[in-house]
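Trainee: Read off the chains here:
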Amino acid sequence: MLNNLISVKNLKKSFGGITAVDIKELSFIEGELTSVIGPNGAGKTTFFDLISGFQNADSGDIFLKEKNISNSQPYKIARMGMVRTFQLTKVFDRMTVMENLLFSGSDVNNDSFLRSILKLNSQKVYENSLKDKANEIMNDLNIGHMADSYARELSGGQKKLLELARAIINEPEILLLDEPLAGVNPKLAEDILSLIKKLSEDGITIVMVEHNIEAVMKISERVVVLAEGSLIADGSPNEIRTNKNVIEAYLGKDDE
Amino acid sequence: MITKRFSLQFIFALSISIFSIYLVFFLNPDGAIRILLNLVTFAGIYGLSAIGLNVHFGWTGLLNFGHASFMGVGAYVTLLLMPHAAGREGVVVTTGLPFFVALIIGILAAALFGLLLGLPAIRLRGDYLAIVTIAAAEIFRLLVRDLESITGGVYGIINYTENFQKYRPSFIDELSDNLGFSASQGWVCLAAWISIFFTVLFLKRLSKSPWGRALRAVREDEDAVRAMGKNAVWLKLQSFMLGAGIAGLSGVLLAFNYGSLESTVFIPLLTFYVWAIMILGGVGTITGPIFGSIIFWVIISETDRLAYLLFENANGQQLAGVRFLLVGVLIMFLMIFRPSGLLGKKEELLLDVK
Numbered sequence: 002m003l004n005n006l007i008s009v010k011n012l013k014k015s016f017g018g019i020t021a022v023d024i025k026e027l028s029f030i031e032g033e034l035t036s037v038i039g040p041n042g043a044g045k046t047t048f049f050d051l052i053s054g055f056q057n058a059d060s061g062d063i064f065l066k067e068k069n070i071s072n073s074q075p076y077k078i079a080r081m082g083m084v085r086t087f088q089l090t091k092v093f094d095r096m097t098v099m100e101n102l103l104f105s106g107s108d109v110n111n112d113s114f115l116r117s118i119l120k121l122n123s124q125k126v127y128e129n130s131l132k133d134k135a136n137e138i139m140n141d142l143n144i145g146h147m148a149d150s151y152a153r154e155l156s157g158g159q160k161k162l163l164e165l166a167r168a169i170i171n172e173p174e175i176l177l178l179d180e181p182l183a184g185v186n187p188k189l190a191e192d193i194l195s196l197i198k199k200l201s202e203d204g205i206t207i208v209m210v211e212h213n214i215e216a217v218m219k220i221s222e223r224v225v226v227l228a229e230g231s232l233i234a235d236g237s238p239n240e241i242r243t244n245k246n247v248i249e250a251y252l253g254k255d256d257e
Numbered sequence: 002m003i004t005k006r007f008s009l010q011f012i013f014a015l016s017i018s019i020f021s022i023y024l025v026f027f028l029n030p031d032g033a034i035r036i037l038l039n040l041v042t043f044a045g046i047y048g049l050s051a052i053g054l055n056v057h058f059g060w061t062g063l064l065n066f067g068h069a070s071f072m073g074v075g076a077y078v079t080l081l082l083m084p085h086a087a088g089r090e091g092v093v094v095t096t097g098l099p100f101f102v103a104l105i106i107g108i109l110a111a112a113l114f115g116l117l118l119g120l121p122a123i124r125l126r127g128d129y130l131a132i133v134t135i136a137a138a139e140i141f142r143l144l145v146r147d148l149e150s151i152t153g154g155v156y157g158i159i160n161y162t163e164n165f166q167k168y169r170p171s172f173i174d175e176l177s178d179n180l181g182f183s184a185s186q187g188w189v190c191l192a193a194w195i196s197i198f199f200t201v202l203f204l205k206r207l208s209k210s211p212w213g214r215a216l217r218a219v220r221e222d223e224d225a226v227r228a229m230g231k232n233a234v235w236l237k238l239q240s241f242m243l244g245a246g247i248a249g250l251s252g253v254l255l256a257f258n259y260g261s262l263e264s265t266v267f268i269p270l271l272t273f274y275v276w277a278i279m280i281l282g283g284v285g286t287i288t289g290p291i292f293g294s295i296i297f298w299v300i301i302s303e304t305d306r307l308a309y310l311l312f313e314n315a316n317g318q319q320l321a322g323v324r325f326l327l328v329g330v331l332i333m334f335l336m337i338f339r340p341s342g343l344l345g346k347k348e349e350l351l352l353d354v355k
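Quick mapping for you: the protein sequence lines, in order, are chains A and B.
Take the first sequence: its letter number 26 is residue 27 in my numbering, and every next letter is one higher.
Take the second sequence: its letter number 331 is residue 332 in my numbering, and every next letter is one higher.
These are calculated hints, taken from the structure and not from any lab test.
Think of the CB as a built atom: it goes at the ideal place given N, C-alpha and C, for glycine as much as any other residue.
Be aware that one or more of the hints could be misleading.
Claimed, not checked - One-sided excerpt, in silico: chain B residues whose CB lies under 8 Å from chain A:
1) GLY97
2) LEU98
3) ARG146
4) GLU149
5) LYS205
6) ARG206
7) SER210
8) PRO211
9) ALA215
10) ALA225
11) GLY230
12) ASN232
13) LEU238
14) GLN239
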C-alpha cells in the first residue's frame, strides 16, 4: 500500500543565480494527504510547476507511477491521472459554470472534430451522463444554482470552488492543489477543507500547497517543509510543529 | 430571456442592413441594381472570410493577422490547377482539373497553409502571434509576386473565369437581361451566398459541440486546458485549419469576382477589412459577420457619395480620404455603443485580448 505514486530525485531548478528548487529525494505516497508548506519564495509553486510539467527542471528526474515524466507535456501528465489547480484561479471566464465542468470531464475522444461534426447519438448520451455528473458535483459544492452563469460572474471563493469542481469531474488519482484557501472567507475555507478531507477519504492522493498553517495541521497526514528550494523537514503535523529547523525558517535563527 | 434578447439584436442587425441597402437605392437613382449586386457580392465574399476569421479569433482567441494569405493560397492553388493564362506573355495553360476538384484542393491547400502558419502558434500567444502571422502573409504575397513563371507575378492570372461560369444556371442570364446586371457577377454572388449558407450550417453544428467548447476553453485559458489533460496545441492547429479553409473558399470566390488575379489583392489591408467586418458583426458569433459585411460594404461604397453631398467641391482624392474618415467614425461609434458588435453578447465580449 505504501506505494510511491510521485517521486523526485535530485530535482533542480534555478532562475538566473537564484535556486528555486533543489530537492534530493521526495516521494508522495498513494492515498495520503500531504501538505507542502514554507515561507514565501520557498519554491512551492515552482515545485508544483515542475511535477505537473508546466516548467522543465534544469536537472533531475520525476516519476509518476514509476514512469519517468521529466520533460513531459503537461496534458500528458494530466492524462496519467494527475490534475492540478492554480494559485491564481484559472476558470474559463466567458463560459458558463456548467461548460467549465463539461469541458474538464469530457473524454478526449468526445472532444474530437469528427465526432462533433457527425453528432452521433453516442455523443449525446455521453454528454447527458456528463451533465448529470456535473450537476451532482456542483450541488455538492453549493454552486449548483450558478450552473448557467458565466464563470466570471462568480465571486473569488466560488471560483476556487469551481476550480475544485472542475478538477474533481476529471476523476484524478492525484490532485495537486495550489493554495486552495487563498483569499477565501473563513466559512468557505471550512467547507473547502472538509471537501478536501472527503476527497482524500475517497482515495484520491492529495498534495496541497497552503499558507494557512492552522488548516494544514488540522487535515494533513503528512507535512513537507521547503525553505529556499530545499527540503528542511518531513513528517506528521505534530513532528513538524516542534521541528527546530521549521521554526527557524519561519521565525529566523535564534541568536544565542 | 436570452433568445428574446438575441432576436431583438437580430432584428436590429437586419433592419440596419436593410436600411443600408435602401441607402444604396437612395444615393444611386440610376443603376442601383448593378451597384447593389457588386456590393452584395463583395459583402458575401468578405463576410465568408470573416466567418473563417471568427473561428480563429472569436472561438479560439488566436490573433491572426495573416488572413489574406489564406484567401490567397486558396485562390492561387485553385486557379493554377485549372486552365488559365498567366504572366506578361500570357502563357496559356489549356489543360487542368475541373473546377470543383480544383476548388477542393485549393481549400485543402489553404487549410494546410493554416496548419503551417499555426505551427509558431504552439509557442506564441497574443500579440506575438499577430506579428508572426502578418509577416508570414507578406512573405506569401511577395513570393507569389516574384514567382512570375508560375503565378504570373505582377501581371497576374487571367482567362480562368470560364471554368466556373460554364456551370452558371440559365435563370441568372434571364434575370440579368431583365434587370441589367452582369450575369457572371450574379453567379459569383449566388455562389458566395450559398457558401455562406452551408458554412453557417456547418459551424452552427460545431459551435455548441464538445469540439467548439474545447476551442473556447483554449481561448479562455490555455494553461487550464493543459492541466485538464487536453492538447491545447492540437486544438489551436485544428482551429487554424478550419478557419483557413473557409478563407480559402472566399479567396477563390474573390478571384472569380475580379476576373483577373494579382498578388496585390492580398495586401494586409484585405486582412484589416475582414477584421473590421468581424468586429462590426460581433466577435464570437456565427452570423454576425454577414451583417457586419453588408454594412461595411455599404459604408465603403457609398460614403464617397455621401461625402460628395457634404463637400461639393472636393476632388476624388479628397473624397476617398473622407470615406475612410467616415468608416473610422462609424466603427468608433459602434464600439462605444455596441462594443460586442451587432450580434455579440455583452457577457462574451471578446475584444479584451489577454
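Trainee: If a hint holds in the structure, say so; if it does not, say that too.
Mentor: Taking the hints in turn, this is what the structure says about them:
1. GLY97: Violated - the Cβ of GLY97 (chain B) stays beyond 8 Å from chain A, reaching only about 31 Å at its closest.
2. LEU98: violated, 26 Å
3. ARG146: Violated, about 35 Å.
4. GLU149: violated, 38 Å
5. LYS205: violated, 11 Å
6. ARG206: Interface hint status for ARG206 (chain B): holds (6 Å vs cutoff 8 Å).
7. SER210: holds, 3 Å
8. PRO211: This hint holds: PRO211 (chain B) lies near chain A, its Cβ roughly 5 Å from the closest one there, short of 8 Å.
9. ALA215: holds, 5 Å
10. ALA225: Status holds, d = 4 Å.
11. GLY230: holds, 4 Å
12. ASN232: Since the shortest Cβ distance to chain A is 5 Å, the answer is holds.
13. LEU238: violated, 11 Å
14. GLN239: Interface hint status for GLN239 (chain B): holds (6 Å vs cutoff 8 Å).
Of the numbered hints listed earlier, those contradicted by the structure are 1, 2, 3, 4, 5 and 13.
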